[in-house]
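Number of protein chains: 2
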Amino acid sequence: MSCKNTIMRLSEYRRILCKLKALGFTRVFSDHLAGALDISPALVRKDFSDFGLTGNRKSGYTVDELIEKMNMILRKDKVEPVIVVGCGGIGRALMEYNAFAGEGIRIVAGFDSRPELHDLKGTIPVHDISRLEVYIKGHNIKTAILAVPESSAGDMADFLISRGVTGILNVAPIPLKGYDNCVIRNINFLHELENTIYFASMLDSKQK
Amino acid sequence: MSCKNTIMRLSEYRRILCKLKALGFTRVFSDHLAGALDISPALVRKDFSDFGLTGNRKSGYTVDELIEKMNMILRKDKVEPVIVVGCGGIGRALMEYNAFAGEGIRIVAGFDSRPELHDLKGTIPVHDISRLEVYIKGHNIKTAILAVPESSAGDMADFLISRGVTGILNVAPIPLKGYDNCVIRNINFLHELENTIYFASMLDSKQK
DNA sequence: TAGATTGTTAATCGATTAACAATC
DNA sequence: TAGATTGTTAATCGATTAACAATC
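Read top to bottom, the protein sequences are chains A and B. Using the working numbering, you'd call the opening residue of the first sequence number 1 and step up by one each time. Using the working numbering, you'd call the opening residue of the second sequence number 1001 and step up by one each time.
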């Protein structure tokens, strides 16, 4: 039925739709969205159809209705509390990342083993890693951003999962495997850069 | 022939192979690598075969040879200079990201329009954005990490491309389209988190 | 109505996997 | 040799697209 990519595109559709709404648009056609995302109109319609997002054969889709239903699908009807484990450069940057604000995602706390990074009075407190277990239970945390060094990434993921976390966005420099009871999404900046450089150099050689 | 995913996996194979080498392994089987990456042995062999990475029908592949040839394919024979445009939270974190060191990627400079972020004496200098054009030309920069706010991402990408940049890793909160003469790889943390949360919640409902 | 767009099916495209001959 | 692993082909699986009937 719906594929992995569809969900990623749903986030992208939603982003565009919110933009359109802000500009005063009330209706939109598959053709428009396709252009904005650089995909085919058929794929837009198929994605929508897979999630029961229906339009009108004459006047396309209603912007408000799409946004509302997508918010439902993407669990944006309530705010999701997210913790950041590892508050070094990347971890800290994501704690302070303001593109999450107003998008149904709230970073509620950070955790780090280094005492110099602890800060219980900031907008977003940074606790000692020893408080992780109690915090997860107490606040019923289901989602974590993992930004620890390579050496502790695996153990830390295991710990989070054992304590009930079901979704991990892993930006540690080592990819981790998913489990039956937890989704892990890996972002590896080195690999992404290598990939970019590879395809860029292919571009060069193609144009020669 | 070789697909987009193959290149990403090449980075992953390489990472594992370097680990194996450090542990003293000299040979490796498709089966081992498949296990480490959670893919099928057939895919490992196909990926290798696509790039002319050959093994031995009895004793598998030579670790050193694989690493050497992968370094060639991934352009790791020489150090790639990379600039960071936008030195806020994420940009700065990537400038200081030490997983790039020793991996053929060197962040050579940062650029930002905010004077308070300028720093010409640090390990990696942060210049005013006005110096971008001269720097790109002078140092023959082909690769950039784009970490500016949404409002300037599109314009800044256009500028970089017009000045000769052919590969952009875009971590700005707005996805950008690629062009004929430049590869753009988008990392959108909001979308990645939404995706993680979605699939995590599917996991929950599946287990009920 | 005529025109335009959706919703859906079948066709296509691309990536992964199964299977097995080749062979070390 | 016998056993094990590669390299490769054909089959399968999954995602995208083309096409078009339905219909607003």
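The set of hints was computed from the structure by calculation and includes no laboratory data. Certain hints may be false.
[What the hints assert, rightly or not] Within a straight-line C-alpha distance of at most 25 angstroms, the following computed SDA-like cross-link-like pairs (lysine to any residue) qualify:
hint	chain 1	residue 1	chain 2	residue 2
1	B	Lys1021	A	Tyr198
2	B	Lys1177	A	Lys121
3	A	Lys19	B	Lys1019
4	A	Lys69	B	Ser1011
5	A	Lys177	B	Lys1177
6	A	Lys46	B	Asn1186
7	B	Lys1177	A	Asn186
8	A	Lys177	B	Glu1192
9	A	Lys69	B	Ser1201
10	A	Lys177	B	Ser1151
11	B	Lys1004	A	Leu176
12	B	Lys1019	A	Lys76
13	B	Lys1069	A	Lys4
14	A	Lys58	A	Arg75
15	A	Lys21	B	Ile1016
16	A	Lys76	A	Phe25
17	A	Lys4	B	Thr1026
[Said to hold, decoys possible] DEER-style ranges, computed between Cβ atoms:
hint	chain 1	residue 1	chain 2	residue 2	range
18	A	Lys58	B	Met1072	51 to 61 angstroms
19	B	Gly1102	A	Asn140	19 to 29 angstroms
20	B	Lys1019	A	Gly24	46 to 56 angstroms
21	B	Met1202	A	Asn140	17 to 27 angstroms
22	B	Ser1162	A	Lys177	17 to 27 angstroms
23	B	Ser1002	A	Gly154	27 to 37 angstroms
24	B	Ser1162	A	Phe25	42 to 52 angstroms
Just so you know, even glycine gets a beta-carbon here, dropped at the ideal spot from N, CA and C.
Here is how each hint holds up against the structure:
1. B/Lys1021 - A/Tyr198: holds, 24 angstroms
2. B/Lys1177 - A/Lys121: violated, 41 angstroms
3. A/Lys19 - B/Lys1019: violated, 46 angstroms
4. A/Lys69 - B/Ser1011: Status violated; Cα separation ~38 angstroms.
5. A/Lys177 - B/Lys1177: violated, 30 angstroms
6. A/Lys46 - B/Asn1186: The given pair, whose Cα atoms are some 23 angstroms apart, holds under the 25 angstroms limit.
7. B/Lys1177 - A/Asn186: Measuring from Cα to Cα gives roughly 22 angstroms; hence the hint holds.
8. A/Lys177 - B/Glu1192: holds, 16 angstroms
9. A/Lys69 - B/Ser1201: holds, 16 angstroms
10. A/Lys177 - B/Ser1151: At roughly 36 angstroms apart (the allowed maximum being 25 angstroms), serine 1151 of chain B and lysine 177 of chain A break the hint.
11. B/Lys1004 - A/Leu176: With Cα atoms ~20 angstroms apart, lysine 1004 of chain B and leucine 176 of chain A stay inside 25 angstroms; holds.
12. B/Lys1019 - A/Lys76: The given pair, whose Cα atoms are some 41 angstroms apart, is violated under the 25 angstroms limit.
13. B/Lys1069 - A/Lys4: Violated, because 32 angstroms separates the two Cα atoms, which is more than 25 angstroms.
14. A/Lys58 - A/Arg75: Violated, because 30 angstroms separates the two Cα atoms, which is more than 25 angstroms.
15. A/Lys21 - B/Ile1016: violated, 47 angstroms
16. A/Lys76 - A/Phe25: Roughly 22 angstroms separates the two Cα atoms, so the pair holds.
17. A/Lys4 - B/Thr1026: Violated: lysine 4 of chain A and threonine 1026 of chain B sit about 37 angstroms apart, past 25 angstroms.
18. A/Lys58 - B/Met1072: 51 to 61 angstroms: Hint holds: Cβ distance 57 angstroms, inside 51 to 61 angstroms.
19. B/Gly1102 - A/Asn140: 19 to 29 angstroms: About 41 angstroms separates the Cβ atoms of glycine 1102 of chain B and asparagine 140 of chain A, which means 19 to 29 angstroms is violated.
20. B/Lys1019 - A/Gly24: 46 to 56 angstroms: holds, 55 angstroms
21. B/Met1202 - A/Asn140: 17 to 27 angstroms: holds, 18 angstroms
22. B/Ser1162 - A/Lys177: 17 to 27 angstroms: violated, 42 angstroms
23. B/Ser1002 - A/Gly154: 27 to 37 angstroms: holds, 30 angstroms
24. B/Ser1162 - A/Phe25: 42 to 52 angstroms: Check failed, 31 angstroms falls outside 42 to 52 angstroms.
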